[in-house]
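There are 2 protein chains.
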Amino acid sequence: MITVLAGGVGAARYLRGLLAAVDPSTVTAIVNIGDDTVLHGLAISPDLDTVTYTLAGAIDPVRGWGLVDETWRAMGALARYEPVRPEGSRAGATWFGLGDQDLATHLYRTARLAEGATLTQVTAEIVGAWGLGLRLLPVTDAAVRTLVDTVDHGTLGFQEYFVGHHHSIPVTGVRFAGAEHARPGPDVLAALDDAEAIVIAPSNPLVSIGPLRAIPGIDAALQARRDRVVAVSPIVAGAALKGPADRMLVELGHEPSVVGVARLYAPVCGTLVIDEADAGLADAVAAEGMRCIVTPTVMSSPELARRLAETTLEAVR
Amino acid sequence: MITVLAGGVGAARYLRGLLAAVDPSTVTAIVNIGDDTVLHGLAISPDLDTVTYTLAGAIDPVRGWGLVDETWRAMGALARYEPVRPEGSRAGATWFGLGDQDLATHLYRTARLAEGATLTQVTAEIVGAWGLGLRLLPVTDAAVRTLVDTVDHGTLGFQEYFVGHHHSIPVTGVRFAGAEHARPGPDVLAALDDAEAIVIAPSNPLVSIGPLRAIPGIDAALQARRDRVVAVSPIVAGAALKGPADRMLVELGHEPSVVGVARLYAPVCGTLVIDEADAGLADAVAAEGMRCIVTPTVMSSPELARRLAETTLEAVR
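Here the protein sequences come in this chain order: H and B.
Per my numbering, the very first residue in the first sequence carries number 33; after that it's consecutive.
Per my numbering, the very first residue in the second sequence carries number 33; after that it's consecutive.
These aren't lab readings, by the way, just hints derived from the structure by calculation.
Since the structure is predicted, the reported quantities are computational estimates derived from the model, not experimental observations.
Cβ atoms here follow ideal geometry from the backbone N, Cα and C, with glycine treated the same way.
Some hints here could point you the wrong way.
[To be verified] Only some residues are given here: those of chain B computed to face chain H with a beta carbon under 10 Å:
(1) T69
(2) L71
(3) W127
(4) L139
(5) E147
(6) Q153
(7) D251
(8) R257
(9) D259
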């Protein structure tokens, strides 16, 4: 049993490498749902879908999100309604791209949730429809929502910050609304308690892994298994490979380096895997109380992703 | 001011003719919403959309519903999820065709309703987006739903009967759930009280016009203006031009002829327009207490639709 704490793109690539290295039926991914949103009445779970589409080999390789060979007819038609919506309405918004095929996933999820299914149940059905061998667990079935405090635009929902503003505006705080009263989804704590290895994927520590850790019980479960927990740094040579993690670390008072990542993870994680580019910081990581493993972490090919997965597993076996 | 009581396809064609004959800004259509449904979480209003798309010149001329030049990528992708949905779930259902561009209308409507807008408001916005000159009023903002009692499949929602079963199964009853407590939408009664002419479009009297008349206040408003009310028979030579009106009339104990239509409308409507094919029944219509006008009613061309509109207006002027 291997359990992976996952955000979106980076985690999906890590998981793809992991599934090439081990029997997929032994893998559970606990996935961030703080990015989830409702747009046009549709329940949208970006990280769950990015992981699913990536592992199904159906992700668009250029955009890095959504489905390959996608069309945009519905969005194109929606633009007709943007001019008539009243001031302040989010209806007809086309800033969040929803491809025609991708829409089907949201339609299915929305319909099932409306029927009373939990996100955990719907996710299992979607994973089954795509024929994936691993288990994907939303970290909670509660509606935990990541909110981003900004300098010039007030508090934004995560997608408004990330997509609407291209994550290019300064951030003064991140919160996870609803987290304090949320409970881990069914099987989530068991997946942490029973795992031979727990991997924190190379995702944004603040807004991808942060929402998971904000759910009461998760950090305690990780602490209890700290020697079995290994994280892959999403920061390489002081920069995020994707997304705003580096800027966000700075803006929220952290060091934008593997040392900053180590400080965030040290309480719950015994080992940090960092890239060779950061070899010079290995001692500083160790000084934070973590074992430090230096290896190529940039998953620029499936083979490198597989090797990274093997290295992380060996680190805690 | 001309007010038209409208269902879907037949009413849309009549309205197209009417708009060619008079200033569109003088026309109000009060439209059936008993066919409305929620599928995949989307608020779908088939009759409102058929009227809108037809008047915008965007209806698919072959199917008679949905948009021309449509694609079906979302529906195609949704089929992936049909095998994984649990028994009894309606999620992933593909029996109700939603084209990619058509989806945009449902996404916009759903988002606006979720924001608290009324169907009347959203409809005005959609009509504005399509640049139509008339006013479309849903007969009510309440959720009145047409239910169809069937012999072999119990009680069905209208779309399950009409689309799911291709309206090809015997019907034992029709009900309008929620109608008794519904109120006419804003401006609906005024549109009846103030109209110079009130036209009951050639729509199914039972399931298109029936839901309008089931709303308390509508029949009384029509009765008060009975001399100004003119209906166009949707039955020609004993058959419906489209849909199940003829079979449904028989199944529910009515005569499938212009005389059967006259009996249904006589209490609220002073004049019935019938096709030349039914000229022999003009006296029988008159015997039901209605003026009877015989004219070509089959709108096989825009010109014939315009002439039919002019004839109906002259009948009550």
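Checked hints:
Hint status for B/T69: violated, given a least beta-carbon distance of 12 Å to chain H, over 10 Å. About 7 Å separates the beta-carbon of B/L71 from the nearest beta-carbon of chain H, less than 10 Å, and the hint is met. Given hint, B/W127 at the interface with chain H, is violated; its Cβ is 13 Å from that chain's nearest Cβ, farther than 10 Å. A least Cβ separation of about 4 Å between B/L139 and chain H falls short of the 10 Å threshold, and the interface hint therefore holds.
Using the Cβ-Cβ criterion of 10 Å, the hint placing B/E147 at the interface with chain H is satisfied: the shortest such distance is roughly 6 Å. Among the interface hints, the one on B/Q153 holds; its C-beta lies about 8 Å from the nearest C-beta in chain H, closer than the 10 Å criterion. With a least beta-carbon distance of about 33 Å to chain H, the hint placing B/D251 at the interface is violated under the 10 Å criterion. Contact between B/R257 and chain H, as hinted, is not supported at the beta carbon level, the nearest pair being about 32 Å apart and thus beyond 10 Å.
Interface restraint check: B/D259 against chain H, minimum CB-CB distance 38 Å, threshold 10 Å, status violated.
Hint violations for this structure: numbers 1, 3, 7, 8 and 9, all remaining hints satisfied.
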